[in-house]
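Chemist: Okay, here's what each chain looks like letter by letter:
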Amino acid sequence: MINNPIALNVKSIKKQFAIVTAVKDLSFQIRRGEIFALLGPNGAGKTTTVRMLLDFFKPDKGVIEYFLSDNQLPQKPSPSEIGYLPEERGLYLEMPIIKTLTYLGVIRGIEKKDVLNGVEHWLKKLDLYERRNEKLINLSKGNQQKIQFIAAILHKPLFLILDEPFSGFDPINQEIFLSLIKELQMNGTTILLSAHQMHLVERVADRVLLMNNGKMIAYGDLDSIRSEHYAEEKLIVTLNEKPDLEILKQNPSIKKIELLNEAQIEFYLKRKDAISELLNKISLIHTILSIKTEQISLHDIFIEKVKNDKERNHSNA
Amino acid sequence: MPEMNKLKLLYEVSSWEFKRWFKIKEHFISLLIAAALSFLIFGSKIVIELFEDKNIDVIVINSERLPFALDPKSKINLTFKNETDVYTQLTLLQKKEIDGIIFINSVDSIDLKLYSDAPWVEELRGAINVARQNIKLTELNISQYQLAELFKEVKLNLNYTEREEHKAGDAEVIAAGILMGLMFMGIFLGLSYQFIVITGEKQNRITEVVISAIPPQIWIDGKIIGIALLSLVSLISTSLSFVLFMFISDLFGSGWTIPLKVMEPLLIIKLFFFALGGFVFWNTFFSAIAATINDPNTSSRNSFLMIPTIPAVIGFLSLGDPNSIVVQIFSIFPITSSAVISARMVLTHVPLWEILLSFSLLILSTWYLRKLAGKIFATSILMYGKEPTWKEIFRWLKEKQK
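Order-wise, the sequence lines are chains A and B. Going by this note's numbering, 253 is the number at position 253 of the first sequence; the sequence numbering is gapless. Going by this note's numbering, 1382 is the number at position 382 of the second sequence; the sequence numbering is gapless.
Think of the hints as simulated: they come from the structure by calculation, not from any bench. Since we're looking at a predicted model, the values are computed, not measured. Keep in mind that the hints are not guaranteed to be accurate.
[What the hints assert, rightly or not] Pairs of lysine-lysine residues, derived as DSS-like cross-links and limited to a Cα-Cα distance of at most 27 Å, are as follows:
id, chain 1, residue 1, chain 2, residue 2
1, A, K58, B, K1025
2, B, K1019, A, K112
3, A, K58, B, K1391
4, B, K1025, A, K135
5, B, K1006, A, K99
6, A, K182, A, K76
7, A, K24, B, K1008
8, A, K112, B, K1006
9, B, K1023, A, K113
10, B, K1152, A, K113
11, B, K1398, A, K76
12, B, K1270, A, K113
13, B, K1375, A, K61
14, A, K281, A, K234
15, B, K1398, B, K1019
16, A, K292, A, K249
17, B, K1391, A, K61
18, B, K1008, A, K156
19, B, K1008, A, K76
20, A, K14, B, K1398
21, B, K1006, B, K1391
22, B, K1006, A, K11
23, A, K255, A, K305
24, A, K135, B, K1023
25, A, K215, A, K76
26, B, K1398, B, K1008
27, B, K1391, A, K14
28, B, K1371, A, K58
29, B, K1375, A, K76
30, B, K1019, A, K58
31, A, K58, B, K1398
32, A, K124, A, K156
33, B, K1006, A, K113
34, B, K1375, A, K141
35, A, K58, A, K76
36, B, K1398, A, K61
37, A, K135, B, K1270
38, A, K234, A, K249
39, B, K1391, A, K112
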């Protein structure tokens, strides 16, 4: 993936609304065929970034370049090359499913017969083909989401932007959508994912960009973010008594310690190979009842990064 | 985007906006209702008359004092009796075996006894008046010819120095009024659709999906054309309902006819284009306003709905004097032109240059209004939550121009 040509190049973009700077000097690249996740808390500037990528409005500063064709020069993508699932979901509720999807496909410049083939394929795949002539309002929220998803992908876009694609889905449908996103990637679609379900994002994303207050706080593939910016491993140890955290904190391989309850401690380790050394030291002081190791999650990194960023902003202020 | 693609896209969007709301079944139902109403109103009148087809028996006492006669086809049967029969006849009247008794006291004094008010009294009154008038004419030695000469109106020949003006008859004034009414119905229909469509799309969050696929200007153009066509179809359908209503009423002898001038093909073509132009103009205006509204239930911008009442009032005032200078100006001014010039074309002769100037200005102003509306639409359509103020909209428009 790392050698794939660039599909999107964002250089130092900035967007200000009245006195609020929504996006500050943001730069990143997305490579062809990768799943790229844009993460951040509410108000981080993700939607503003997505809207600039879709040319809903221009950045005040900076450049957005697409390289979706084999042409070396940047080109504005045509509507048929872009797919978009907005966070704010909505469709023509009073219209039949098939007519709505056909219209949304045709206005992207796709031939009607190709649109109809795509509609049939996706409706069958998502078990909604029998209901194709029903009005959208008759579908459940989850099924309406599926229709919205089909509308975003039925024209086989080269570049797909999915804003909060998992919201509103139950766990089973979330799994279905994870596999669909993977399938789209396998078929060559470049995907920009903006979501807050970190545990789902980290299962599909090749690279991530963490945003807070309109600026980037972490960017890269998950492994490098884990190692460069945080800890590598999480170790959960249950002891027979309440430990003295100050003594444990003296171990140089520990990034952070959290007491989960009276006798359970969570260690964030800088290196994986520090586990045995740490356990040896603990066993000299306490009796270990159980141990569990976990990979550092994106959620942990995200929380830590946002917290650090806030602290930095406070100290600067 | 290549021009052909833009046109194809415009066709797709217009067609979608039109088909979303166009229900052919409802137009057929409205035609059927018009036909049924006309049939019921005028047909039932005939049915009622058929059921009331019984003879009226009236007794005349002292007929020799004022001899009178009725039309041979009249349903009133007159039976002449002497004063001696009065008691018997009153008994018959009480039993409702006869319908009335006329007592002729003198030429100037007549009593009519009947059990309740009845429509045939008027026919009787007319016949008695004619008989009395003839007696009086004889007494005064005046002939029928002299009487006719006395009441004859002077013949005033009108000679115009410029050209012979066409004087609109009552039927044409009514037709022009109905035409304007239909035009405003179409304008208000477009207004309500634009508000429902645009604010509904904003509330249902459809806008982002569509805007990611098509430019806002094409989207708004498609809405304007689609909904203007919808207004035009409604106008045609309602006009056909009127024609059908009149046609059926005429079959039952109502005497209501459509003025021949309104049926002239050239006039129909001119009216068609002005109606379409007017609907496009007003839909352009409404779409720009609707895009700035977040919730139509609470927005103060709903007051914009009142604006089309201005041309409506001016249009109806012009029916009085379609050739006045003020009305001529209003028939060229784009806000009022489509309605006023349409009414004038029915009522009077409108020179070709006025028609062409009026239509050109309508098209030109619609073109520029469309561009402005497109910018307002593109700026406002993605704004949810707080309704933007006009100041904010103009600031964003300025930023967009950069």
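Chemist: Where does the structure disagree with the numbered hints, that is, which hint numbers, in rising order?
Modeler: Result: hints 1, 7, 10, 12, 15, 21, 22, 26, 30, 34, 37, 39 break, sorted rising.
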